[in-house]
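Since the structure of chain A is provided, determine the placement of chains B and C on it from the hints.
Residue numbers (numbering that gives the first Met the number 0), protein chains in the order written: chain A, 0 to 103; chain B, 0 to 479; chain C, 0 to 477.
Keep in mind that the hints were calculated from the coordinates and are not lab data.
Here a beta-carbon is modelled for each residue, glycine too, at the ideal position from N, C-alpha and C.
Among these hints, one or two may not hold up.
To be verified - Now the stretches of chain C that chain B is said to cover, found in silico as 3 or more residues with beta-carbon under 8 angstroms: (1) 36 to 48; (2) 115 to 129; (3) 433 to 445.
Stated by the list, open to error - Pairwise CB distance ranges (calculated): (4) A:72 - C:243: 50 to 58 angstroms; (5) C:186 - A:90: 31 to 39 angstroms; (6) C:73 - B:240: 24 to 32 angstroms; (7) A:33 - C:73: 44 to 52 angstroms; (8) C:206 - A:90: 49 to 57 angstroms; (9) C:112 - A:83: 56 to 64 angstroms.
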Amino acid sequence: MRPPTSSSGLKVDQQTIDKLLLLSQLSLLPEDREKLLGDLSSIVELIDFMQTIDTEGVEPLSHPLEVTQRLRADEPETSLDQEQYQAIAPQIRDGLYLVPRVLE
Amino acid sequence: MIPYANVAQLRSGLDNGEFSAEELAYFYLSRIDAATDLNCFITVDQEGVIAAAKNADKAIAKKSVGPLTGIPIAHKDLFCTEGLLTSCASHMLNNFVAPYDATVVDRLRKAGAITLGKTNMDEFAMGSSNETSFYGAVKNPWDRTCVPGGSSGGSAAAIAAGLAAACTGSDTGGSIRQPASFCGVTGLKPTYGRVSRYGMIAFASSLDQGGPLARTASDAGTLLNAIEGYDPNDSTSAIADATDFRSASQPLKIGIPAQYWNDLSASLTKVLDEARLTLESLGHRFVPVDLPHTNASTAAYYVIAGAEASTNLSRYDGVRYGHRAASAESLENLYQVSRSEGFGSEVKRRILTGTYALSVGYYEAYYLKAQQIRRLIRQDFLDAFLQADVILTPVAPSTAFKRDELMEDPIMMYQQDIYTTPASLAGLPALSLPCGFSDRMPVGMQLIGPHFGEASLLKLGRQYQDETDWHALHPVYDDD
Amino acid sequence: MTEWEPVIGLEVHVQLATRSKIFSRAATTFGKYPNSNANAVDIALPGVLPVLNEEAVRMAIKFGLAIDAEIAPSCRFDRKNYFYPDLPKGYQISQLDQPIVGRGTLPIFLVDGSIREIGITRAHLEEDAGKSIHTEYEGLTGIDLNRAGTPLLEIVSEPELHSANEAAACFRELHSLVTALEICDGNLNEGSMRCDANISIRPRGSKILGQRTEIKNVNSFRFVEKALRYEIERQISVLESGGDVVLETRLYDSERDETRSMRSKESSDDYRYFPDPDLLPVDISDDLIESVRVTVPELPAEKRNRYIVELGLTNYEANRLIEDPKVSRYFDEAAQRSVDAKLAANWILGEISAALKRDEIDFAEVPISPGELGKLIQRIEDETISGKIAKSIFESLWKKEGSVDGIIESRGLQQLSNATELEKVVSQIIDDFPDQVRQFRDGKEKILGFFVGHVMKATAGRANPKQVNEILQRELRV
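Chain A on its own, in the form it takes in the complex (with noise of 0.2 angstroms):
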């Protein structure tokens, strides 16, 4: 059972996808880039589907249930489990993560 599918102007292409790539720094093989033109595009007419209900004046939810944040005491723990962090570091030296050189 499919639900009702409508397009509303919204378009995925190539530009869009180099931005979404960008955004999410992830890279894709050129035929992988095709089908995820395709593949965006039927999922993109699914959520405009939404665009057929009223929603006037209607809260967005964030939350299944409606309530709200507890807060922490503000004391700190003592105890920290460092080397077993730093043992499954994939590169670590004097206790510092490393990444190729970063410019400002």
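Just chains B and C, lined up with the frame of chain A:
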């Protein structure tokens, strides 16, 4: 008999000295070993489970036991388990040995359960068929050419095949309920906030819930009791009373929403109609309820889940843990290559759609709109629960489909979740119970309850399972 | 010739002095070793979650109350998404649409003594990032996440500052305020407060804003002023030579005294802000606000006003005293002993300041209690001792050699004020130096000092200088 025993039966066997926890553990280990073709497990912790079993035996000898002492379970591989690989079925984390235990893992351990290992799943919980795992697809024990469902496919299949007494899973848009249905086992998605998400690798933060998969509703309740409850490490964790599922079910008004039943196939309708008759014979009655925004659920779900997931997965960059590109000339290169090598194509697709939904110009039209629809869907349920105590629906539009059947069609794949996403968006508890077969494959029914109404669901489930045998059936193997 | 008007707005990031981080329980005091104070949440391990620190909320409210701002009854956290190695989650938890503090005002005091009320647009909570350390390892940068997760209060001013001087004054005022409120240690060297400025220029009288540039990360009052001064000139020269000011981020180079364009980051501006689903809306109840209100101390502006109007101090003295809450507290105590406040101010800004510098210690380590200082000044006032003697007593007090009265007593330092005795000494000196007496009577008034000096010597410095002067004047003119 033992491999398909439920937790309650195993408890009795352990306490009566019929077998030891160590024997039980070895038993499951050898079954797992003989069923590697199902590919249910990513990691099996032989040493760890035997050591834990020995400790459990000491406790049993001292008669100092809880409901789960010595019971062998498995965790979906998105729960952090200290000292064990926690891969999320992804190349990105295929070297990640977790330095801490998830709250769910910690609580089950403290309740005495012993961990056989980590179950296979769709990569980063994104999928409905367990075909996107870096470690290969999981096979449905009822028909090995079929998928077990997803994303908790490994957990559901493990129980169906008698490889564990119970498992943990996670449900974001149906990932416990649908595989439970496809594999003929019982699965519960708790109310949002009921179970702590701390240590459960995040997919979509406002939708994810950890929950139990088991052979019976009673077992699901036992596991739920062990893991539920407020956790100060999780801001979205709720303060609520423990679920009391052991008393008898009252006669209930069961809501039937036309939107879920109108397009159901004839064969599934037949199976579910019989389930309705059974429920009726148990003293419950049916009332029609209206959930008018149901068909907008899939779209809203995919936007919200995708948006949240796209940013939840930004931390995977090869810098502090996980997969890192072998050589990178620059920082951008490091990120792009590590992430592109680390993530599978479904995950990338979801990250990109999610990024799209949040990007400048689209936020109002997509993300905000989806959240508005979310409120409407929740309101539909709140209104319906004024007429009904629980709501009965199918779990999935079909039984388990063949492997590769839907992989090329993401929209069809997303439609698998059509009956499960609404309860996720609304944060409601939902139980998937085996209720029959169609074309020799298991069919499940879904019971949705009001917020924190797990007790009603489980009590009804127990009552139904006292009356029927579907949950006790299992695929038969030559070596059983 | 166009007259140009600079339009400047500040964005100041204040590190809040909580004991644990804003979303994790790791301590905020940094370990010496990199990443020694970064826990699972700070490192952004898979599966971790943020939990909000109550004290950060209280400190933000405190600031809001101090600037008379609206405190939001409910506020929310949003994710600001971008990739950078010092940002482990790939997003920063901040506040966009619903900040905790809304509009307020901050009075700033300018060099000429005038006061301007500067609008504060908002202040919000967010988490700090880690640090990038350009290492000795070739081609590599090291990331230290000790700082990641430290709570920040980002304070945004309206673009109502119109000179480099005003901007520096605004930064200075914020510094005074947050240190007086004890929500920040005010240590600029360690980056406890960081100032960004948005600056554009326009023809005087125009209502339209020019194109702005952003000057990032200036960390001293002096540099804020110098950086902006340079940038104003730069923008003027760009516009006057027919060019356009480009929207960009610039850094201030203090060695060359110039601003430089930052190497443009390819990263897009699209931060894809959306409400953080791991955190719930924060309820700020009236009870919470009131419980914070009672902890708000006398504010620097109020203090300054009191010092100038009630105690008669100058602008300069008042400003110096309120710069550091430790100093103003000390002053308040010392001045309480019904002593001329101006004297207390002089001693603190003069002798104490000099001694601190000489011994290279911090004000917190001043070895003389404010009470003792007050007593010392009292003894000058009641003429028990002379100002000069007081100075030597001060040195002894500094070395902790006793109490004021104790030292006066044991060393017999009481001022000699007995007229008869003094007259005797003066007579003696006059007799001893007839030449100088003649010089004085011939008109060399300055030689009075000679006589004073000898009287002092004869009395071991204890003679009351005022009286000596009077007596000498009387006797010499006879």
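We went through each hint and held it up to the structure:
no. : hint                             : verdict
1   : 36 to 48                         : holds (count 8)
2   : 115 to 129                       : violated (count 0)
3   : 433 to 445                       : violated (count 0)
4   : A:72 - C:243: 50 to 58 angstroms : holds (53 angstroms)
5   : C:186 - A:90: 31 to 39 angstroms : holds (32 angstroms)
6   : C:73 - B:240: 24 to 32 angstroms : holds (27 angstroms)
7   : A:33 - C:73: 44 to 52 angstroms  : holds (47 angstroms)
8   : C:206 - A:90: 49 to 57 angstroms : holds (54 angstroms)
9   : C:112 - A:83: 56 to 64 angstroms : holds (59 angstroms)
When held up to the earlier numbered hints, the structure conflicts with 2, 3 and fits the remainder.
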